[in-house]
Amino acid sequence: MNLRPFELGLIIVFIVLIAGSLLFLSVYSPGNDNDGLPQVGTVTIWGTLPQSGMEQVLRGMAEVNESYNGVSYREISPADFSNELVNALADGTGPDLLLVPHERLVEFRRRLQVISYDSFPLRDFRSLYLDGAAVFALNDGVYAYPIAVDPLMMYWNRNMLANNNLLTPPATWEALVNTYVPTLIQRQADRSITQSVVAMGEYSNIRNAFGIISALLIQGGSAMVTEQNTEYVIQLDSSLQGGDRPFQSVADFYTRFSRPSNALYSWNRSFPPDRDRFVSENLALYFGYGSEGKELERLNPNLNFDIAELPQGGAATVRRTYGQFYGLSVLRSSDNFPGAAIVLRDLASADISKQIADTYNLVPALRSLVAAGSNDTYGRLNYTSAAITYGWLNPDLAGTNTIFETMVRDINENRNDVGGAVTDAEDRLELEYN
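FYI, our numbering numbers position 140 of the sequence shown as 195, with every residue one higher than the one before it.
The hints are simulated quantities; they were obtained by calculation from the structure and are not laboratory data. Please note that the accuracy of each hint is not assured.
Label pairs and their calculated CB-CB ranges [as the list claims (entries may be wrong)]: (1) Asn430 x Ala134: 34 to 40 Å; (2) Ala371 x Ser335: 31 to 37 Å; (3) Asp406 x Asp195: 28 to 34 Å.
The beta carbon of each residue, even a glycine, is placed where N, CA and C say it ideally should be.
With the hints as constraints, model all of the structure from the sequences given.
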């Protein structure tokens, strides 16, 4: 084929351009574009979970996306968290994200960026997450992406139960009261206790007293705390089903275990903390969170114990326990909303939230992951309990602990009857929300 000079020249130009383009592509480096992955920038996360676990998760993410090298996590003790955060925000040095239990939600709510139901419909939220995770879904939107849950469980000493021909732990509170306490309790003639069955009735030396009382309230059908317009309505002593006053019933039942004159007397304030007494094999049953199992093993490798669901009411038609839901929230004061939003999305994804949950012996909050189950020694039962785990909108964990402890002391020291102590506790709680 004969080509005219113009056509030949045009072909040569195209060949040169194609060759130049190929050469450019072969030597071009995209720099920090990281193969098109989104750029995060500097993002700081504060939380109450131990430092090492989150650092490990973030290192793994940085191996995939180098811009995650700018993401850091700082652990702050629960006791110091509020003061640290307030001071940092005042100085303009606060974090971008918080990873804390729902127990701090009301306290921090006005500082968190709400996600409207227009962008994250409530129907979608409920379809994705466990029922109890709806504690983060308030009247005006979602305040945190649920990451994991730590259900309150019952640990039991196999040897102590087996020595008394009890091969399984109590499944109901009625069984605990009518069979396990009379069978396992060991007291001297002066009523001093040499072997305890269960740690209830006091507050300061019971590690998870708040969780135990909360679980009893939830199981008892308490309406707990609800929102009406922009206000919190305290209904701890109001029943969802009608009938008895649940807060009074719970306070009465709980304190029986520390009354020397009561047949259930199993605990008093002179004892060391309940977890220490369980580890030293002087307590048959310990109510602890699911994440505590491996720590109990470490504290006493020779302890022959197991885990079980928290006892339920004998006539209960639905099972319930209390738990801590960990959520990831963006602070309204963040200087890097785009980067914080990317980190929020990535950490809340199925793969990463599962990594976080596994790292801390928690249960992921996504329904699909809970449905897949766990083969871990404690995880199998923790996963089962996660589906029946709920929390409530307490105003401030430190303040609520003080109020509950005062209520228990007033009853035990006869400074107030059960009804009066409960009424005082509700009045004090109402002030905490203001």
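Hints breached by this structure:
none
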